[in-house]
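Undergrad: Sequence:
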Amino acid sequence: MTDTRWRGGALIRPGILAFAGSIGTTTSHSHHAVQVMTADTPLTVADGSGARHCGTQVVVPPDTAHHIETGAAHGVVVFLDPDTAAGRAAGHRAHRFGWAGGPPLPAPATVDGDLGALVAVMVGALVPDSAPAPPARHPSVTAALALLPALVADGPVTTTDLAARVGLSTSRLTHLFGAQVGLPLRRYVLWTRLMIAVTEVGAGRDLTTAAHAAGFADSAHLTRTCRNIFGLPPSALSRTVTWDTDPPR
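When we follow the UniProt record's numbering, the leftmost residue of the sequence shown carries the number 1, and every step to the right adds one.
Possibly wrong hints are sitting among the right ones.
Label-pair ranges, simulated between beta-carbon atoms [what the hints assert, rightly or not]: (1) Thr41 to Pro139: 47 to 53 Å; (2) Glu69 to Ala117: 27 to 33 Å; (3) Cys54 to Asp161: 45 to 51 Å.
Since the hints were made in silico from the structure, they are not lab data.
Everything numeric in this text was worked out from a predicted model, so none of it was measured.
Yeah, the Cβ is synthetic: ideal placement off N, Cα and C, and Gly gets one too.
Let the sequences and hints guide you as you build the complete structure.
TA: See below:
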């Protein structure tokens, strides 16, 4: 087993967490996100049955036990929410071609180290028909996006309360938000919390402070959420990873 450590840079956006750098080994775990990995050298990922999936590109379906047995000195890992178009496409790809099969995915050096650009290229490769521009957002959806950062920092957010604040019915807001943002409202709220927490951790805050700033009940709640989504605690990469975060909008 190659003892490669996780070290590099990462970014988080609604529905996406991406990492570029050295890919480390892990113990067996599962997470809700679809995990897409590409590297300059072959990776080995073992599933829950012990089968090994080897190659320079590996896609792990959501909620599937696995562990990274052989990492890589230089690679990219993209976690995609399975409720997004890219997440659904990646999960389908893994089932159709196998974890290490399918058409070529963008290599780590595709866009000269620009992780945000590489994520865009990756999403385009997974969802090739995603080029048409989305329709203009409904003003109430725009208003909801502007309100959410402050609301999630205060604690629980209900769709009913948010809908009342932006002047729509709950069902109408739920439909419009999912169609125009590309992520269901409840999932977007969760990712917003994670983005705020990551921003706080990146700024040097301890986990308890970061958790409270993001509206989690405590650091244990934040840790459970991170493990469920990514298979990693929020502290796992904080010392060796430089984070790029954008405020939710």
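Undergrad: For each hint given before, does the structure comply? Return the numbers of the non-compliant ones in rising order.
TA: none
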